[in-house]
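Undergrad: Chains as they are written, first to last, in this note's numbering: chain A, 1 to 278; chain B, 1001 to 1300.
There are no misleading hints in this set.
Computed Cβ-Cβ distance ranges for the label pairs, DEER-style:
#1 A:Q222 with B:F1264: 17 to 25 Å
#2 A:G178 with B:L1030: 31 to 39 Å
#3 A:G3 with B:F1194: 19 to 27 Å
#4 A:V49 with B:L1038: 56 to 64 Å
#5 B:A1198 with A:F182: 50 to 58 Å
Just so you know, the hints here were simulated from the structure itself, not pulled from any lab data. For every residue, glycine included, the Cβ atom is placed at its ideal position computed from N, Cα and C.
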Amino acid sequence: MTGRILERALAYLVLVIIGIIGFAPFVIILILSTKARFQIATEVPPTLVFDLAQIEKNYRDVLFQRGFLGYIWNSVVVTALSVGVSLVLATPAAYAFSRIRFRGRDRAASTILSLRFMPAVAVAIPVMLMMRFINLDDTLPGLVIPYVAFSLPLVVWILIGFFDEIPRELDDAAMVDGCTRFGVLNRIMLPLVRPGLIVAAIFAAIFIWNEFLVGLYVVNSQGLKTIPLGAAGLISAERPIDWNIAATVGVVTIIPIFIFSLFIQRYIVRGITAGAVK
Amino acid sequence: MTAATPTAGHPLHTRRDVLLLAGPTVLYLLVFSVFPLLYSLAISFFDWNPTTSSFDWVGLGNFTGLLTDPVFWQAAVNTAIFTSVSIAIQVVLGTVLALFFNLRLRGAWFVRGVLILPMLLTPVVVGLMWRALLNPDWGMVNWLLGLFGLPQPLWTADPAVALATLVIVDSWQWTPFVMVIVFARLQALPQDVFEASAVDGANRRQTLLRITLPLLAPAIAFAAIFRAIDAFRAFDVVFGLTYGGPGRLTTTLSFYTWENGFSFQQYGYASALAYVMVIVATIAMSLLVRVVSIRREDAA
Chain A
1 MTGRILERAL AYLVLVIIGI IGFAPFVIIL ILSTKARFQI ATEVPPTLVF
51 DLAQIEKNYR DVLFQRGFLG YIWNSVVVTA LSVGVSLVLA TPAAYAFSRI
101 RFRGRDRAAS TILSLRFMPA VAVAIPVMLM MRFINLDDTL PGLVIPYVAF
151 SLPLVVWILI GFFDEIPREL DDAAMVDGCT RFGVLNRIML PLVRPGLIVA
201 AIFAAIFIWN EFLVGLYVVN SQGLKTIPLG AAGLISAERP IDWNIAATVG
251 VVTIIPIFIF SLFIQRYIVR GITAGAVK
Chain B
1001 MTAATPTAGH PLHTRRDVLL LAGPTVLYLL VFSVFPLLYS LAISFFDWNP
1051 TTSSFDWVGL GNFTGLLTDP VFWQAAVNTA IFTSVSIAIQ VVLGTVLALF
1101 FNLRLRGAWF VRGVLILPML LTPVVVGLMW RALLNPDWGM VNWLLGLFGL
1151 PQPLWTADPA VALATLVIVD SWQWTPFVMV IVFARLQALP QDVFEASAVD
1201 GANRRQTLLR ITLPLLAPAI AFAAIFRAID AFRAFDVVFG LTYGGPGRLT
1251 TTLSFYTWEN GFSFQQYGYA SALAYVMVIV ATIAMSLLVR VVSIRREDAA
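With the rest of the complex left out, here is chain B (with noise of 0.2 Å):
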């Protein structure tokens, strides 16, 4: 800009436009985010417990404490498992559901609302109504596979089976998610490939393999870090579903994390432990702001 006289767009403007718009946000995130993570920190470094009253200083005593509880290690691996199959089923089947509805069916406008819906449920509710579903007793999924003289597990109650609920039920919830990001992606791809693809002579299985997955590709990857992120942060579905148990077989990180700050009145130690998982997302997350940060430059 050349012009002499200050406009809106000034610099001088610019800066006090700046702090009066985005200031309070910033400002208010500082306070009621940025800080409780620094406090959070902070409490990590002392053995506190209000219910006993002790508040000392044990440096890093709470990070080599977990070092050697075997609990943290089995919700650190439970989560593991927990994050990966998820994401895996959802991702290949959410992708499959976006590449059916691509079809154009008639009255798929209406299956889509359905499937869309649990994901706006309250994840307990979701895992509470569940627990109806799957009860070994009168639950109407173990009466259905009674009828084919299928297995009928135990869903939640037995040690082989437990994380696998958790997952299934994760899964119902949260395959639609997948299936909404890829399917606009599948709606939004330039048609020209396509029929350029069909001159060509490719057969369907070409095109799909060849063409609409790697054009897919970034849309995927975006919904599979997403919801990597969630789940590995999976805290109500687990409560409402499994109560992390049986024994400690469904206990994720944060369930765990909550147990020790809530249950058991150890601000420090799970600080510590909320520390662990801060980390683990900072970096998934950097992970996820490259990912979009290229899609924002392709837009433009």
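Excised from the complex, chain A in its bound form (with noise of 0.2 Å):
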């Protein structure tokens, strides 16, 4: 009996410091984000003691003068219309795939998951090329298009996985009824895949909002860079690091994702997991 005590003791005491782990990078950085460029490196560990003054200097200087609030707006925009156009396309595709035997249809379905896997790295020249000969080099929109193109297949491959989970029956029942395709999908599926449109949705944006490669191929311009690009922008050669300024551009674009995190754990999991368990 107090064998079991001791045993979940340690346990809760390992609980306790895998928590300290996962978190402490993170006050770390909120701590250094409130520090002068001076006192990064004199301050070992760097002191609780915070100056209001200096705290508003650095987010004020990461969010106006560095353009950070206009990098986060256009990582809004780009991921907000991405994930949308990627639904409009792919919510059809999937319940042809999950629910309609074609031929070459288990192919073609491989095939879309398969490139979900390609490195960016081989179609950034390409797709900056392209995006230049239809003139939408270094705008929003020439990084949606090749964004839609690399989350349909992610969204895609959610979505069957819940289309999937739906009896077929229902589909029947309605067509026996009269009911269309189009009119089972819109009034029949649509309620019921909800929660994998919600799921798709939330996999499609992380990735959208951290994609970084192709964005550095198509975007020059300072004021259409996304998050990734603009926090690229603080490692140069030439010049040292401002960690103070480096440790805010970490808070301000990590508070949104975690603020974020907080409604979507369940979802989180749903979605690493299609496929993976059933």
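Two chains, two frames, a set of hints: combine them into the complex.
TA: This is how it looks when you write it as structure tokens:
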């Protein structure tokens, strides 16, 4: 009995340690973001003395002078548009793949999945050239077009899994009653597959929000950068990094994701395990 | 279906329905995914540098050039080491964490939530963040190591450590991915097997090794292949953390490909490099598709 209690206590100790290891990096970055540049190297460990004026200065610098407010906005616009278009295209496609037997279906489905794993560097140059050809290089639509292509395979694949879980009898019954495929999709499937749409949207959003490589090729203008491109701008060979500013960038870019993650934890688990675990 | 009148399920309708439902997505992917891939392949047969406006057919010249390019080989070795070691660490640690969280401790959901967070973060920012934490002069990691009198490595600058640093940071970000998959599988395992083994007097070690882990194997394999394909393409974290250095010691294939295409403007050579990656990724993917399809049959 005491052995069990001891074991339990030990397990809780491990849990706390894991929690600290998981959380500490964020806390440290948060603290670093409140410091002046010289304090970074002189205060080791950083003190918990906070100077409101300095904090305001750092965050103003990052959000306004360095334009991160704009980068965040660009990321929001690009992500929202790309996810929206992906869902509109992918939902009927996933429905067809899940429900209708047609020649080449399995091959098409696995080809679509395999596109999800293509290295982005393999398409970056052609995508840039294509966007230039249609005069969309260095524009936000020039990002949205390839991002939709990148997220479609993921979205289709997640949605197929969700459609598969809805009993086929529902379709059959509706079609016997004279409903067309589109009617079934619209009136019966869409409400039922809503959790799937949310999961797919979340995963596409995470992917697009963080996409970096193709962004580097397509966008040059300061004003069109997304968050990863803006953050990369801090890294330059010529100048040493201002670490208080880098930490502030970290906080500013992590906070939206942090808030987002509070609401979506259960969907994340569903999305990651879609296809892996039934 | 035996209906004589064409209903919505009739073959004639079916063909039109498939075209209308799946057509737009397939078309979009053909234009903006498949075509760029073929375009890349075409470019790889040319010596194309837009800055010097050279554009010459070189056949397989770029590919044979790769064979004698020491940086390519270095990048291939780096990528292989990075991928295999990262996956090994993440699979073991992720599985252990999943088993740990299966103890169902109070408050564990919160810690799990914190652990999931790194997966959502922008890899470039993750790289920057760890550059700060691992700074040899004032970083908190070395300060902590110093407190315990442990060695304080020059994480990103020491040639002997830099690649390991990349592995550590990637594992910090992606071990939770393995954990989530394995944990979900654990929760879905049929309980009667465990009850039966308890009745038969199996101890915990036997239960773990003979029952739990074999049942988890498909989920672990899925997570490992998934992660391997992603680690193989690693670019952002390299960019943010080490920028391929010191020297070429953390240059991955993706990073070298990007350098050639973006910095050196060698479109042909970069495309040849990219195609080597596409071929490797395709092989890995056929493995994954097999694992996934097995899972789908299981579910049916």
